[in-house]
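Peer 1: Next come the chains, spelled out residue by residue.
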Amino acid sequence: MSWKLIPRPLVDRSSLDLSAIQPDRFRDLDVDAVARVRLGLGNEPIELGECFDIEGAGGDDFVEIAGSVKTSIYLGIGMKSGILRVSGDCGRLTGVEAEGGTIDVAGSVGFGAGSAMRGGLLRVQGDAGSGLGGAYPGSSIGMRDGTILVAGSAGDDVGLAMRRGLIAIGGSAGAGTGRSMIAGSIFVAGTVAKGTGAGMKRGTIVLMDENTLIDEAVSPTFAATGRFRPHFLAIYLRRLDELGFAVDPRLFGCECERYNGDLIERGIGEILVCNPYSVT
Amino acid sequence: MIAARVLVTAVSAEWARIAATTATGYATSVIGCDAEAAIERDLSVAETPDGRPGVSLLFFAFGRDALEKAVVNRIGQCVMTCPTTACYNGLTVGEKSIQVGGKLRFFGDGFQISKKLGDRRFWRIPVMDGEFTCEDLFGTVKGVAGGNVLIVGRNSRSTLEAATAAVAAIRSIPGVIAPFPGGIVRSGSKVGSKYKALRGSTNTAYCPTLRGTAATELPNGASCVYEIVFDGLDLERVERATAAAIRAASIAEIAAITAGNYGGKLGPFHIKLHDVLNRYPREEAEPCPGS
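Order-wise, the sequence lines are chains Z and P.
Our numbering applies: residue 1 is where the first sequence begins, and numbers increase by one.
Our numbering applies: residue 1001 is where the second sequence begins, and numbers increase by one.
Since the hints were derived computationally from the structure, they do not count as laboratory data.
Just so we're clear, the structure is a prediction, and the values are computed from it rather than from any experiment.
Treat the hints with care, as some may be off.
[Unchecked claim] Stretches of chain P that chain Z covers, calculated by requiring three or more beta carbons in the stretch to come under 8 Å of a beta carbon on chain Z:
id, segment
1, 1047-1057
2, 1104-1115
[Unchecked claim] Here are the computed distance ranges between Cβ atoms for each label pair:
id, chain 1, residue 1, chain 2, residue 2, range
3, Z, Gly-138, P, Cys-1033, 53 to 63 Å
4, Z, Glu-50, P, Phe-1111, 52 to 62 Å
5, Z, Phe-228, P, Gly-1118, 16 to 26 Å
6, P, Gly-1118, Z, Glu-210, 25 to 35 Å
7, P, Asn-1261, Z, Asp-241, 49 to 59 Å
The beta carbon of each residue, even a glycine, is placed where N, CA and C say it ideally should be.
Kindly generate the complete structure, drawing on both the sequences and the hints.
Peer 2: Structure follows, in structure tokens:
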């Protein structure tokens, strides 16, 4: 059995702190205990039962929020295991500092989703706001591990200062994708905007759209090194495919244009632009 | 014996084979080589991590340190040097694994790149045709080496024919290799020698030309003996290989099929030929599932 939480209209009135909704902690609770879990609405504490209608029972590490919680903050923060499913949209800082488990969002997520994430999977069927997988406000290190998949587009500063992990964007990404990246991998199927990889030390940004205007997106402090066939790419693409991320089959075994940089930093990061017509 | 499985991929099956053949050269017996190694089987594009044609190799050595040294040297000198290749682990990585890519990465002179995907780390080492990708850790298992059968024939032609058929049967079993040339040994050995410096010497009891001058185990009419030595990832695979080899070699003009047990003192496993034939009847002697 699992818990199903149906949002009441109240939840859209003010910022709703959902940090207490943790699948592994809800497993052994009864309905009354779940209803008494303390959330935060604006500056005031509020019990979960006042914000959500509760159905189901414990037993599994599975919680479903059957609707949108657009004003939510900290949903799935520090989550360690289990599955948290949202059938609508989420607000800010979803899945920050998550260490394990899966957060599945059928709609879109707001600012800072997956910031400082340390493990687990955040899967978003809609769009993501800015700061996806980036540094938590006030921190110099972004996502440390784990996987973030966004089927739609993402805002600015995807993977800001990320240290490790994998981010894949099915649509386009905003300005500063991979800015100040320390390591890790970012895949973007659509277009990217200015400042891609600016100040990156290490790590890989893979641009899967062969029409990417690299001169506009990437600063001159990246050095074009020519074409080659990165074998590791197929391993990553296969993994993304296994996770349900839509991958253009033409990209398996394709050649890439490589740009080394950012040369104002260590210069051992890379931006790869895939050429789907190069598969032999 | 400790075993590792190495998956080598390349732009074509031919190049993967070239790398695999080179990497498993001079690896017939740990008596005189750093490891026992051979090609396990060819891999289709659907079976390899990077979707290219590949070859699966098995390596066996006396201990984990020796295995790591042999695999690192062989991949570094024979696979990394071969055009278009990449190299991946083929066994589950646990506590008892060996580090391969993590040792070879230093060839990148600081320009090597690490990619970590889940629990697996890959090293990308820049080389002159692009980059060489090698997995960091390779899993190991306690394997069983030294499985063998001796095929005793009435003439060399039919004995070689039987031995060749036996090797083909062994090689159809996943997780088993026959590391000698073509899988066959003509210079089978016994333990010890009249010369103190040697640990082994020619198996006098099975040398047809020594009849009358040394004690013989050969039946009347026998004039040629070939030994097949094989290593497996576990005892069951070696037993299945033994049964398959005996059946495949049982053709006309074969006088006897036996095995060397070296007084029962060489290794902890004793495989009794009649026993494995009973336990693995023909219809069950088909390839066991890959690991």
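Peer 1: Could you check the structure against the hints above and give me the numbers of any it violates, in ascending order?
Peer 2: Of the numbered hints given earlier, the structure breaks none, since each of them holds.
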